[in-house]
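Novice: Below, each chain spelled out in residue letters.
Protein chains: 2
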Amino acid sequence: MRVGWIGVGVMGRHMCAHLIDRGHTATVFSRTAAKCAPLLDKGAMLATSPREVARASDVVFTVVSTPDDVRRVVLDPADGVFAGLREGGVLVDMTTSTPTLAVELGAEAVRRGFGVLDAPVSGGDVGAKAGTLSIMCGGELTTFETVLPLLECMGRNVRLMGGAGSGQHTKMCNQILAASNMVGVCESLLYAHRAGLDVEAVIKAVGAGAAGSWAMNNLGVKVASRDLAPGFMIEHMVKDLRIALREADAMGLQLQARGR
Amino acid sequence: MRVGWIGVGVMGRHMCAHLIDRGHTATVFSRTAAKCAPLLDKGAMLATSPREVARASDVVFTVVSTPDDVRRVVLDPADGVFAGLREGGVLVDMTTSTPTLAVELGAEAVRRGFGVLDAPVSGGDVGAKAGTLSIMCGGELTTFETVLPLLECMGRNVRLMGGAGSGQHTKMCNQILAASNMVGVCESLLYAHRAGLDVEAVIKAVGAGAAGSWAMNNLGVKVASRDLAPGFMIEHMVKDLRIALREADAMGLQLQARGR
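Line by line, the protein sequences give chains A and B. Residue numbers for the first sequence follow numbering that gives the first Met the number 0, beginning at 0 and rising by one. Residue numbers for the second sequence follow numbering that gives the first Met the number 0, beginning at 0 and rising by one.
Calculated directly from the structure, the hints in this document are not laboratory data. It is possible that part of the hints are untrue.
SDA-like, lysine to any residue: derived pairs with alpha carbons at most 20 Å apart [claimed, not checked]:
no.: 1; chain 1: B; residue 1: Lys-128; chain 2: A; residue 2: Ala-207
no.: 2; chain 1: B; residue 1: Lys-203; chain 2: A; residue 2: Ile-233
no.: 3; chain 1: A; residue 1: Lys-203; chain 2: B; residue 2: Asn-156
no.: 4; chain 1: A; residue 1: Lys-203; chain 2: B; residue 2: Asp-226
no.: 5; chain 1: B; residue 1: Lys-203; chain 2: B; residue 2: Asp-226
no.: 6; chain 1: A; residue 1: Lys-203; chain 2: B; residue 2: Gly-161
no.: 7; chain 1: B; residue 1: Lys-203; chain 2: A; residue 2: Gly-162
no.: 8; chain 1: A; residue 1: Lys-203; chain 2: B; residue 2: Leu-140
no.: 9; chain 1: B; residue 1: Lys-203; chain 2: A; residue 2: Arg-21
no.: 10; chain 1: B; residue 1: Lys-128; chain 2: B; residue 2: Glu-151
no.: 11; chain 1: B; residue 1: Lys-203; chain 2: A; residue 2: Gly-123
no.: 12; chain 1: A; residue 1: Lys-203; chain 2: B; residue 2: Lys-203
no.: 13; chain 1: A; residue 1: Lys-128; chain 2: B; residue 2: Ala-207
no.: 14; chain 1: B; residue 1: Lys-203; chain 2: A; residue 2: Leu-147
no.: 15; chain 1: B; residue 1: Lys-203; chain 2: A; residue 2: Glu-151
no.: 16; chain 1: A; residue 1: Lys-203; chain 2: B; residue 2: Arg-155
no.: 17; chain 1: B; residue 1: Lys-221; chain 2: B; residue 2: Met-236
no.: 18; chain 1: B; residue 1: Lys-203; chain 2: A; residue 2: Thr-131
no.: 19; chain 1: A; residue 1: Lys-203; chain 2: B; residue 2: Glu-151
no.: 20; chain 1: B; residue 1: Lys-203; chain 2: A; residue 2: Leu-140
What the simulated footprint calls covered on chain A by chain B, stretch by stretch (three residues with Cβ under 8 Å from a Cβ of chain B suffice, anywhere in the stretch; the number is not a length) [unchecked claim]:
no.: 21; segment: 5 to 18
no.: 22; segment: 181 to 188
no.: 23; segment: 209 to 216
The C-beta atom is built at its ideal place from N, Cα and C for all residues, glycine as well.
Given only the sequences and the hints, what does the whole structure look like? Please build it.
Specialist: The structure is reproduced here in structure tokens:
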């Protein structure tokens, strides 16, 4: 299939590479063209705008930083994806973005005869590289079925959660959990350290039981060994939680950080 | 070995039963004598006070509710465990109690020629029944080695974490994590429900990835199926977190709940 790829950061570069490795033809775009070099070496073609990507592709993937980036890249009247996509073409936005924007893109796509899927991921740079991402999708079943073989090149827990925006809502659930779990890991390990305990022994004592989490058994272990190399940008987590709080507000739901 | 058992609540009754099943002679005490009936049916003897339990035992286990209960049951000059234990006898306090009290009991035991271990557990009523508890111990290595075969009748992740109080400190790390993870589960599932998502599908989408936790994959699944049967008393969690906050305060450590 002819795929388009927009956004080749720490996640996107690996995800696109999996598609090329499975024999798909890729056209790529990045605001920083130099970042595309590793994909061009694999045979991808370089486009000069999101619109040019869309013109050359059946399915266009976007993995950019913020909802504003998604809006610009997709909807810009001169240079956006929707300005170049042929009727029946599909946009898959894998950015962690707002459910509200996903619903808006879904409605706009219906008007123009496109398919759209919101499909944010979980698993970080490690999962992107290994092709083991969890992918949470929102959109029409027919669009999901068209794109599923492509998504399965990048992840192994690929699920359609409901209509447009459902993937983003599910990702919010994921981020609420991930953030809470990390608060627990940090407070627990700080307490252990101050109490004079062997932090690695504490992780072994508590990590396999009812207090265990992926965060403790992976990130906690990194912290304990003083490995502070980042696998995700904290600004992105802050952005994600801001989206979650805004969406919760809109649903009349008061989450902890607001309740205090 | 002649074991003594004080406290036959939702945890203690199962833990003591495992010792009897492995052939140990048990003498038991509860403020509510009727609660001992299932253990007496298994061959345990009933004592009229903690002191009488200690007189009949080489190793006395306590699993009561609060640090004040521990203090009364162990240190009461007329009826306490220490009033009845012979020299060389051992007390194993499996209550989740304060590290400070554990240190105090350790010092008192040295003066009197007893061994003492603080050995709180994780795994809930299910783990107590199945004999799969995690047991976090603080005390002298020789005492730990004496008691280890008994502890291994009740649990499978039994660790000596350091001197007196280290088991309780490790349990605090466990409870800080468990509570944070549960906040994450509740907020995440509330968000999912309000957003109109299928809550069980969300758990499948996020529970196996980087946001996963024992709490989500066990308690979250229970919540999603509307199974609200309790496995632990919320008052006990509140007590545990109060201890954690007091101990953190004493260590000059500001945890989240205090920082707000």
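Novice: Take the hints in turn and mark each one as holding or not.
Specialist: Hints, verified against the model:
The straight-line distance between the Cα atoms of B:Lys-128 and A:Ala-207 is roughly 18 Å, inside the 20 Å bound, and the hint therefore holds. Of the pairs offered as hints, the one joining B:Lys-203 and A:Ile-233 is violated, with about 25 Å between alpha carbons and a cut-off of 20 Å exceeded. Annotation: proposed proximity of A:Lys-203 to B:Asn-156 holds, straight-line Cα distance about 9 Å (limit 20 Å). For the proposed pair A:Lys-203 and B:Asp-226, the alpha carbon gap of about 30 Å is over 20 Å, so the pair is violated.
In summary, the hint linking B:Lys-203 to B:Asp-226 is supported, as the alpha carbons are separated by about 18 Å, within the 20 Å threshold. For the hint linking A:Lys-203 to B:Gly-161, the alpha-carbon distance of about 14 Å falls within 20 Å, and the restraint holds. A distance of roughly 18 Å separates the Cα atoms of B:Lys-203 and A:Gly-162; the hinted pair therefore holds under the 20 Å criterion. A hinted pair counts as satisfied when its Cα atoms are at most 20 Å apart, and A:Lys-203 with B:Leu-140 qualifies at roughly 19 Å.
Of the supplied pair hints, the one linking B:Lys-203 and A:Arg-21 is violated, its CA atoms being roughly 27 Å apart against a limit of 20 Å. For the given pair, B:Lys-128 sits about 13 Å from B:Glu-151 by alpha-carbon distance, which is consistent with the 20 Å threshold. Taking the CA atoms of B:Lys-203 and A:Gly-123, the gap is near 18 Å; set against the 20 Å cutoff, the hint holds. Between A:Lys-203 and B:Lys-203 the alpha-carbon distance is near 26 Å, which puts this suggested pair outside the 20 Å criterion.
The straight-line distance between the Cα atoms of A:Lys-128 and B:Ala-207 is roughly 18 Å, inside the 20 Å bound, and the hint therefore holds. Our distance criterion of 20 Å between C-alpha atoms is met by B:Lys-203 and A:Leu-147, whose separation comes to about 18 Å. Using a Cα cut-off of 20 Å, the hinted pair B:Lys-203 and A:Glu-151 holds, with the two alpha carbons roughly 17 Å apart. A hinted pair counts as satisfied when its Cα atoms are at most 20 Å apart, and A:Lys-203 with B:Arg-155 qualifies at roughly 12 Å.
Distance restraint check for B:Lys-221 and B:Met-236: the Cα-Cα separation of roughly 19 Å lies within the 20 Å cut-off, and the hinted pair is therefore satisfied. Under the criterion of a C-alpha separation no larger than 20 Å, the hint pairing B:Lys-203 with A:Thr-131 is consistent with the structure, at around 15 Å. Proposed proximity of A:Lys-203 and B:Glu-151 is supported: the alpha carbons are some 17 Å apart, at most 20 Å. Distance restraint check for B:Lys-203 and A:Leu-140: the Cα-Cα separation of roughly 19 Å lies within the 20 Å cut-off, and the hinted pair is therefore satisfied.
Counting residues of the segment 5 to 18 of chain A whose beta carbon lies closer than 8 Å to any beta carbon of chain B gives 0, which falls short of the minimum of three for the stated coverage. Counting residues of the segment 181 to 188 of chain A whose beta-carbon sits less than 8 Å from any beta-carbon of chain B gives 6, enough to reach three: the coverage restraint holds. Counting residues of the segment 209 to 216 of chain A whose C-beta lies closer than 8 Å to any C-beta of chain B gives 7; at least three are required, and the coverage claim holds.
Consistency with the previously given hints fails for numbers 2, 4, 9, 12, 21, ordered from lowest to highest.
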